[in-house]
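Undergrad: Okay, here's what each chain looks like letter by letter:
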Amino acid sequence: MSATPMLEIKGLKATVTTDAKNEILKGLDLSVRAGEVHAIMGPNGSGKSTLAAVLAGHPAYTVTGGTVSYRGKDLLEMSPEDRAREGVFLAFQYPVAIRGITNSYFLRSALNAIRKHRGQEELDPLDFLQVLETKLKQIGWDDSFLNRAVNDGFSGGEKKRNEILQMAILEPTLAILDETDSGLDIDALKTVAEAVNALRRPDRATVVVTHYQRLLNYIVPDRVHVLAGGRIVKSGGKELALELEAKGYDWIKPEAVAV
Amino acid sequence: MTSIEAQVLQPYKYGFVTDIESEDVPLGLNEDIVRLISQKKGEPAFLLEWRLKAYRHWLTLTEPTWANIHHPPIDYQAIRYYSAPKQQIKLDSLDQVDPKLLETFDKLGIPLAEQKRLSGVAVDAVFDSVSVATTFRAELAKYGIIFCAFSEAVREHPALVEKWLGTVVPASDNYFSALNSAVFSDGSFCYIPKGVRSPLELSTYFRINASSTGQFERTLIIADEGSYVSYLEGCSAPVRDENQLHAAVVELIALDDATIKYSTIQNWYPGDENGKGGIYNFVTKRGACRGRNSKISWTQVETGSAITWKYPGCILQGDNSIGEFYSVAVTNNRQQADTGTKMIHMGKNTRSTIISKGISAGHGQNTYRGLVKILKGAEDARNYSQCDSMLIGDQCGAHTFPYIDVRNSSAIMEHEASTSKIGEDQIFYCKQRGLSAEDAVSLIVNGFCKEVFKELPMEFAVEAQNLLGISLEGSVG
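As you go down the protein sequences, you meet chains U and P in turn. Sequential numbering of the first sequence, starting at 1, is according to the numbering used here. Sequential numbering of the second sequence, starting at 1, is according to the numbering used here.
Since the hints were derived computationally from the structure, they do not count as laboratory data. A quick note: this is a predicted structure, and the numbers were derived from the prediction, not measured. Quick reminder that beta carbons are idealized off the backbone N, C-alpha and C, glycines included. Any given hint could turn out to be false.
No more than 30 Å apart at the CA atoms, straight line, and that leaves these computed lysine-lysine pairs for DSSO-like [what the hints assert, rightly or not]:
#1 P:K13 x U:K159
#2 P:K100 x U:K116
#3 U:K21 x P:K421
Some chain U residues well away from chain P (every beta-carbon gap over 12 Å; in silico) [as the list claims (entries may be wrong)]:
#4 S79
#5 G140
#6 E158
#7 T191
Stretch by stretch, here's where chain P covers chain U in the computed footprint (C-beta under 8 Å, at least three residues) [as the list claims (entries may be wrong)]:
#8 57–71
#9 87–97
Chain P on its own, in the form it takes in the complex (with noise of 0.2 Å):
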């Protein structure tokens, strides 16, 4: 099985680190912190009070442990909470951001000058603590769409803000949600305005560059009714021995027959074969399908991080809504990952769709975790959930903790599971008719993974079958 590990042990290609001058604030946490962070972002009132309650909340809570992930203790007085490249942050042209940070996002495959964008996609790039470019802004902006770095809409549109911040995922949701509300340095703000389809995917990259730092962002849409949006997040981090953390939360509103639809490519560093170095990632992140007939489609693809924490939900409250979640987690390594979804079924005739498909490879560990709900009033509720798990050698572990809270006796619930192994059998089969081992590995992997996939916005199914070492010629749709 030696040439099918190598397969997928491929190097992190995006460890590089920019070496560039930053505004850092002091280790440690404490309300000081917080004020300064809050004031470094020049934030109005209302905010820094958020914050500090969040923080006071945070300090009376415990790390969560029930997770099937086990690492040493996280040290939150070694980690620095904000890092900033040094330069002016209030940018009108991009001829002002630094060459070396448009540098390192062409290096990441994320051109920002004009003339080299990536046609059809807007991008919000999130370098360390504060956002360094938007590009499309005024072109968004013809439609109504406000599509910008967080803290700029704290600025702009303050009411905005107000009135959707931690509606979704309050500060007190839980330890990691709380770390995030006191201490968020930046992250992206979207609004859809009523019966606005956006022309263009919006999509948000997030680069983590300075050591010892800890990333923590909020992202917030707004799909007011009868509006669509696609939005995408990838990211990335350099290669380092120690253990980054990442804890975001990500707030997503759909009104009336509002849909959002919603991919990640998680690619932070997952660490070297031994296990040493690789980020925590401890992110919340969760839909609310407020209005009726909106929609709400996670789909996420996790191969990075040392540690994935993270459970992509849908809060199904409008009748006729539906949550979607379509999920490939990749452990290689020493890497785990506890992920899957929440799917509260609260509105009549809602629906959710539950597709996760898991991946192990060397001493990787890989845990599904989700939880249907169907509440009392929820009548005529169906989920269907499918989970499949693949291993690829004898190292490596597959879990699934499926939690069902039925409390509607009209709901309808599909489970299905399966385990499999790729096996030397279909190796050699695909090696009879004239594949190397890595392709018949790139097919077996991109055919289980398929499903979820095809969930990908056109670009993006190409970058992800790229991370799983997959040719991807044809083989999406």
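The following block holds chain U by itself, in its conformation from the complex (with noise of 0.2 Å):
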């Protein structure tokens, strides 16, 4: 592990575009390092969605204050397509679906976007599809995914497995799994997650932002946040997380109007 964290989040404030009164994130601080496992827990409403949003940069929010430092970048300087670029995914709580373009073509048009920013060759289709296969393999999934239109029809459970399968091939050095166990059967987590645990590697970190203990039996992390008032109250380990299962919310909210 090395000293300067992967990703440096300070004092974070971020409004929803639409209405500059609606902070949402006030100031919130965290730092992840390379080959960590971060879960970001929290109530409904608590601004944990709205960080994996502003970190991979939607438009749908504004960043008023605070500073992201990525890998020794400024983070919020960037375009969306240049952190993707730069290794960060987001895999999205709601996937967005594609008419008429399948999976394999999305992937590889993502992956050669991906690698032209490295100044690696694209690939082509024959090469594409050796990529493919070795990651399939690693993560233990068949094809059946790849000639389906991105998105298009698939079950909520898909789409998030879907995801996960995108994440393999582009190879993030930052993931961020933004509620993926939500809408997933036990069977499916189980699989999401070994998938997740799969690409684990030391020079890369991953947030995962739940709502549930239940994935971080699966996905062990090296730390718990919660996040309350759009800010984290309170950081620990991975028991942090079984206590929050046992306790819920309420015990850490004084907390929080006290910081």
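Put the two chains together into one complex, using the hints given.
TA: Here's what the structure looks like:
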């Protein structure tokens, strides 16, 4: 593990773009080092998904204060596509469908955009097929997703699995999973978690945004943070997630007010 | 959404003017002009009579107003009805074609010179009112295929022309078909003999060059029993502040077991972002499936013109005949399109498929208008229609007017329609995977049009995608 964090968020503030008075992140601090898995937990409306969206550069939110440094660069200065090309991946809570474009074509376009950015040669369809097959084997999935249109007519669970497949192919440095567990039954949850674990590496980091502790039985976090009222109000080891599961969020809230 | 719109708002690439001396008739329309055009072409008496009858009928008609389009009145006396580059029209070889014309078509990506020709495609090049060259004619003649300029067909094959002209689109069909029948100047003629499968794609490229001039061409394709032909047309025009009229008529005839596949890439000058200039495109296209088991398939990609008014249809007369219509229509800036199809089921067990994709951006207004008519004798007819509209931005419009008229209770009709908007969420999703906004729009529009693009011959699918500003790699099929 390197000394400087991969991701360093300091005093991050963000509002809804169409409603400048609606501040959702109110001075959030978070440090994530390479090789670590961090879980962000918290009650509904605390700003978890907003944090994920802001890190990816979603135009629905406007950053009004604070800094985010990612691998020594100013993340907030980068366009959403450049963040992606620099290795930031967001597994969406509600993935979007694109009719008429197959998953494999979409993935190859995305991978080639990233490779081009890195100065690597773009992959032709045959080379790409090899990359795909290797990855599918690694995460233990079949290729039934590849020739279907991107998320078109997918069930909720299939969409989530598709996000993880994309993550596997694009090999992000920083993966942010936004409630990837919501809408998954226990078997699907295990499959997704195993795939995430299979992709863990010392030079990569993962931020798991979740509502429930359940997912953390399978993706074991190094650090757990509680987000409430737009700030991280408590941080701890993996046992904090269990404590939250047992006690709920209410016992933390008074501290949140105090912060 | 500005980056999305910028992507669609690509500058028109074919707006140049060729500086060439032309031979024109005076502005305006009267019987003398009709006679003059006929005389210039050395036409037989039957054709002059046909033209005059059409002209006299046209005088009794008024311009239709039912379409969802708006434009200042067209002054038919301010239009020049014939303009031809000054040169010998009857050419034995391309060496005699004015180099300026060859250069023009080169610039348009339609090389005519032998060594540069597109392989597998025979081209008839029409410049203003005349056909300037037709490639691969000798090769096609070996198969008995006639592919030539319409005026040449009138001279060389008058019996065929007289037999079929106006049998699918009568001169009296509508205002613009009557006008065309009176003043049509050139176009393409194809005859595919019995049992022949055309070894080449046949293609006509229409170029408007002269100002104040309308283009009124006619295309007639006859596919005899058991034959097959795939025909393509493309078109473009210079950038001008004036509105120029293009009123064409296309007639297709498919006899027993014959198939005609007709593809159009329409890229007339669409006018500027304020709606100044652009072609008014009022076109009547219709195919008759006269024979049993015949098939006519229309595929159109309409990206140009200030106004498009066009309903390529099929008359399904023969039992078991099939009609298809695949369409992508794009309206951007101030463009207006009112386009769709007519499927008239007459024979037993006839089938039709309609897939229409309308894309509106800027202040564009896009209307699908379609008629499916099942006549009394059409036992077990089937139709499937799908009309999808996509909106880019919030100043444009999409409209759908499907007309269904069923007179036989054994018919099975299906109609699906959808309207979608390219959303910020879709664009963001693509960007989050590393794609630029431009690539994201391309991908989304391309996916939306896929069912139509896959019907186009390969070379033209590529061109169609380019026209929509789409990176084409690997996405067709």
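Undergrad: To test your reading of the hints: which numbers does this structure violate?
TA: 1, 2, 4
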